[in-house]
Amino acid sequence: MKKIIIYIVLITGLFSACVENPNVTEDVYLSNPHAVSSWLNGLKRQLAKTSNTVTINVAITSDNYFNNYSQYSKVFDVLQIDYFDVDVNAIQADVQALRELATYGIETVYPADENATEEDLSFIYFCLGYSNILGGELFTGLPASNLGEVLSSAQTLEVALEALDQAIAFTDDQQMIAVCQLLKARAYYNLGDANNAYTEATEALAVPELLYQIAYDGVNSLSNEMQNATYDALPNRLAPLPRLDFLDPKYYSTGTPSTDQKPVTLVKAEEAYLILAEIALAQNDIATAKSNLIGLLSLINIRPKVLVDDSGETRNGGNRTDYPLTAVKVRFDANSDFKSGLVLDRQQGSITVSTVSGTHVTAADIDNAQTIDDVLYHVYLMRQEVFMSEGRRLTDLGIKYPISQIEQDNNSNVSDEYIEAQIPSFVADKNLDDFSTDADGNITITVDMNKIIVENKNDVAIVPFF
Amino acid sequence: MKKHLPLIMLLFTLLVTANYSYANALTIAYEQKKLKSLIEELQLQFEEMEFVYNPNSFEGLLVNDFIIQRSSSLKANLDNLEKVAPISYLVDGHTVALKRVDMPVKVQEYQIKGIVSDEQQIPIPGATIVIQGTNRGTSTDMEGHFSITSNTFPTTIEISYLGYNTLTRTFTETPLEVQSFIMTTSMEALNEVVVTGQGADVRKKRLPTQVTTIKGEDLEKISSQRIDQQLSAQLPNAQINLTGGQAGATSIIRARGVNSAFLNSTPIIYLDGVRLDNLNTRATLGGSSQGSSMSAIADIPMDNIEKIEYINGGAATTLYGSDAANGVIQIFTKKGGKMGTHVSVMAESGIETPTADFLYFDRSKDLLFRNGLYQKYNLNLNGRSSTDFGYNFSASFMNSSGVQIHDQNENMKADFSTGFKAKIADNFDYESSFIYVHNQYKRNRNGNQGGYTGLWFAEDGASKITGPGFNNRLDELSEEEFEEMKAFVDNAERLQDNQIIVNRFTTSQSFKYKPIESLMLKFTGGLDYRAQEQTVVQTNEYLTATRGQEITDQGSIQNIQRNYLGITLEFTAQHTYNTGDFSFISTVGGQLFRNKDHQILYSGTNIRDGALTISDAAVKDSDEFLSEVLNYGIYAQENIGYKDKLFLDLGIRGDRNPAFGDNIGTQFYPKAGASYMMSQESWFNTNLISSLRFRGSFGIAGNLPPAYANEKTIVFDGYLGNQAAAFGQPGNENLKPEKTHTIEGGVDIAFLRNRVNLSAGYYRSLTKDALFYIPSSPSSGYTVSQLQNIGEIENYGLEFSVQVTPIQTDNISLSFNASVNTLHNEVLDAGGAPAFNLNGFSARTLQTVVQEGYPIGFIRGNYGTFDENGVLEETIPQSYLGTTIPDLFGNIGMNFSYKDFNLFANGSYQSGGYGANWDAQFRYYYGAAEGNIPQGEIDANGRANWLNFTNRFVEKTDFLKIRTIGASYTFRPGNSKAFDYIILGITAVNPFNFTASSFDPEATISGAAQGQGGASTGGISYATYSAPRQFLTSLKINF
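Line by line, the protein sequences are chains L and D.
Residue numbers for the first sequence follow this note's numbering, beginning at 1 and rising by one.
Residue numbers for the second sequence follow this note's numbering, beginning at 467 and rising by one.
Among the clues, some could well be false.
Under 8 Å between C-beta atoms, here's a sample of chain D residues computed to sit facing chain L [as the list claims (entries may be wrong)]:
#  : residue
1  : Met608
2  : Lys930
3  : Gln1015
4  : Thr1018
5  : Arg1074
6  : Asp1075
7  : Ile1180
8  : Gln1189
9  : Gly1247
10 : Asn1398
11 : Leu1413
The set of hints was computed from the structure by calculation and includes no laboratory data.
Idealized CB from N, CA, C, for every residue including glycine.
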């Protein structure tokens, strides 16, 4: 009997001592070498993840895409943007996660890793800057830190500018400096600061084909969601506004989708031309604006184009069944002329996909534009087409998301003024994704939102330089 | 109350005194008496007669076992006296002449032979038989037989056995045939010995809390594929709802409400002292609702059960410490049988039919279901040797073809179990059990897993958007159209290949050592190992067939393994000591359990049709999850008895666990309670009330936070071949178990010689430091919710159970039982945290939510109001649409037996809960039905507002479900050498449903998708199969 008791005690002791934690705790992480390199990868992964959330939701909220399926937001298409909406929370969470990861990287990980370089620090500041640009563009306001005070959209952009200056200061990489400058130009554009926007955009063009993309990794559960929504998933989920049909998809795969995930562009030189053109128009300089747009067209023309078999695209998401599947004509609203070539018949062989930028606007169209409004219309049409599937259209429409309910419930700094979405009245009353089909199958888009933008260019919510 | 008190006291006094005088009149003579004094007593009894005799001749003579029967005539009494004493008599008018007989009388003995068995005609060995009013007694042998002699008539024999109602029968003369005695179980057998929650053996009456005991025989009556289904109408104060009809579906088990918002309400389950895997950890990999809604309870061994003990949370479970706020179910396996070797075989078979009651379209049944076959076989060997070695071996095989087409819900289960017990020395006992279960079942797609999912396709209108697209109003289709749809569905179901295989091995070893008579040392150790393999094969052919376009490179195989190993060790020392009026039972012990949950996912995509392993896949992927829980605690308990009527129970447990935060040390769980057997008082003597007990207690029990939940972690994902770091969980240095403080009181009464048993009680449970998964604020950068001890949850209610036996004769017995429980559940305090959801979809659609001031898991969604034209006027988002927790629930049952025939039925009911009919909402959205929405709205807005009036799709979930109706006949061949007896049975499982909702109020698998591990209250009906009906016949032969 004594033996049994001894065994019991021994076994008990043995088991009590041997539960091991399979997870990496913060202390263990920081005390192991080369923490920063994994932190940088984490930031890149978050950049990709944040871009997914932004591109999908912006696509649905804007006139670019209609959610024709049961997944993703079922209400953003009708501009129902509630602060308790799970997608509003998800967008905020992903934008702010990038900021918090960057802040933690700067304050904690970087100082703990003796192998870290200034280039590393520069990249972390770039992420901090980019997250605040997204925050400033997409939200009416956001907490500046974990449960921190709320900064307005403009204040958030100012924070972005500071971070980007740091990013530039810590790097010698000319490409990254140009990326940061173009992002600064974007921030100044949003702030309506034409002078600084002009300076930064011009300097960024020192790298003429500037392109900064973030890669995806389908094998590690980080697929390009926009690629999934517009190409890989069957039935197809997002349906483009028929006049943008030729720009869908931007991302595609061959073979097993998880191994072929296309990158998403965060920054590209095209934006500099668009900013410069709008600045010129604001200064009544139509000629410069036109020449900027011609420069833009040249750049677009040298961007890669590939032939893709998209015969699987049948627009069969289920909610709306009248999306055109053959090469019909389309007009941008009831007062416009029908145009060909914008809606593709995907069963007649491979289609041309513009993997970086595409537009149907020609040099002739630009030449023919006479008034400031005409050219401005083409600026915004090209913004829409060039930035297709890159999560940018919302800002053109002046729409901003509110701070989420979960944030407000946790954070006493969030006052009620920030829990309402910003939707300009001239947008709120439109059916952005709607169209009709005549007897010949030709399409009439209900409303041309670029016309609406130009008509309301003096509104504070849109067209910053007017 | 003041008015009533004197009345009650008066009534009580009357009862007591009336009974007292009556009892005195009955008893005249006992045991050995002088013949002379007996004659004197007879004289007193029959005053009108004159007794003539010579007192000297009877001097010194003694008489055994003679009772003067007051009700009998003088002649009958004298006849009896003649049989036992050397006396003869003569009666002439009013004179009785007595004289001594010189010839010594051979005292004649008259033998009564009988067989004692229970309601199932199973013999009861060891039952005690005494002749009332004498010392004469015997007990039944292993076959339940006895014979006893009486030398006077009429005579009354009394048969008693622990846990059964005492039986009496009077004989006026020697019966010629063997008598049959059927004993009925007593609901509140307060002398029964229980162990669960006590560390070691204690009688029920000593405990201030209730212990429900269910005997193996009662379980065997109920045909069932799994233990929770079998128990569903058996636990009077607990509710067990299966959340789906597919094999392996999770169940919601709750007794005293929902005391946690982070953990499911399932009790901890022990088998012979070994903690079993019972849904404690979530299926973390795979993400499919097929995986997460699987239950580890579905394959708990259920053969060979001797009995089950169940205790509610509160003082009853305090000795289980941090782990038992939801109560404990303990299964005891059989470890021996009757003397010798005994064999029984059982075969059960029958048909299964789909429960189509809740289908919206009549044709859905045609489309997805068919009748199935059920069969089960069992072989049992048991026995005992004279040297106190007992054994039990059981093997069974069950196969259910299921009611879904193409065998998509086939379920096969094989159990093997052995149990042994041996007396190694006079003071040393060893018990052992080994159990192996193999369970294998198919599971087709359920809920809405995207693409084609059977019920979602047929019932939710999704046929409109699936495959080639169909008219989704099934009942309006022409025959031709329907045939086309049927061909599509048939193909889609045929091509699904999802399978789950479970292999489970459980063993318990225990030693009992008594170094001295008053001290018992007990050691129990054992393990539960459960390996679950889930395989989902999606072929290109399936994808092509269901997505309406040719797919050649997306075939995939996903395998998820979940391996669970739980080890339990427990050591208990129990000391008993009696002095004067006091008795002390002191218990100390220590318990340790360690659970390891290892989940592995490996999958292949772009795989050719025909391959069944991922080795042929173009892309292979894998993932892993590991969780290890270690909990160890020590406990001490003192149970003090005074005069076997007043008991005081005190105890405490202290626990440590690595999942507690750094700032948290040992956690303590005290309890205190008292039990008062008023009916044991000498002044309490009434025929009306056979036993009366009052009980009250206070106790604390806890729920453990999951492993590592306290730590601040960094997580890594792969990114282009590199480590990508990110925030894991924020960590919490103050994390500790949530503690449920329960105060309860009750009374247990048995009336009319146990014909009516009533138990009534009230409890209030307050979960302090309740663990809430606080949704991370987006500004924190964390996506994982951190557990915080910030909530407070209240549950209170009344618990009644009653058992009535209106008829109890030699041949006929009829009894009814019912339970009624009320429940109030409310989150008193959310600690300032935002509301969070348990289940459901997004915050703008439909969720079951935890929020301060509301019951846990209430339905939250958009509340729409309509104008006079029936057009939606206003929508209030995030409105309270009803609680999912019923405020009234219970079970009912009846049992009737006539000689060897037995008929029984049982059922469950609930009232006061609500459920959201998400199926109907989708039907509306896809235009398959109008639901409860005014035509004006449809005309004005089409289906666009479908999410804005969720209140119109919320229904009451009151139900009464008859779970089982069964009948059996026991055939005893008398002197057949071939077998002892045969039991023939027929059973209907789930025969009748009466529900307030148009959907199955139990089948809320989507609402309970997180039932494995997480808290769930159900409440959302979403493409979920109902449990099928079964009509079975059975044959059991005992050799």
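Going down the list of hints, with the structure as the test:
Of the supplied interface hints, the one on D/Met608 is violated, with its beta-carbon coming no nearer than about 32 Å to a beta-carbon of chain L, more than 8 Å. Below 8 Å, beta-carbon pairs count as interface contacts, and D/Lys930 has one with chain L at about 7 Å; its hint therefore holds. Interface restraint check for D/Gln1015: the shortest CB-CB distance to chain L comes to about 6 Å, inside 8 Å, so the restraint holds. At about 11 Å, the closest approach between the beta carbon of D/Thr1018 and any beta carbon in chain L exceeds 8 Å, and the interface hint on this residue is violated.
Proximity of D/Arg1074 to chain L is violated relative to the hint, the smallest CB-CB distance being about 13 Å (cut-off 8 Å). Checking D/Asp1075 against chain L: minimum C-beta separation of about 15 Å lies over 8 Å; hint violated. The interface hint given for D/Ile1180 is met, as the beta carbon of that residue sits about 4 Å from the closest beta carbon of chain L, less than 8 Å. Interface restraint check: D/Gln1189 against chain L, minimum CB-CB distance 4 Å, threshold 8 Å, status holds.
For the restraint placing D/Gly1247 at the interface with chain L, the shortest Cβ-Cβ distance is roughly 3 Å, inside the 8 Å limit, so the hint holds. Because the beta carbon of D/Asn1398 sits about 21 Å from the nearest beta carbon in chain L, more than 8 Å, this interface hint is broken. Satisfaction of the interface hint for D/Leu1413 is found here, the shortest Cβ-Cβ separation to chain L being roughly 7 Å, below the 8 Å cut-off.
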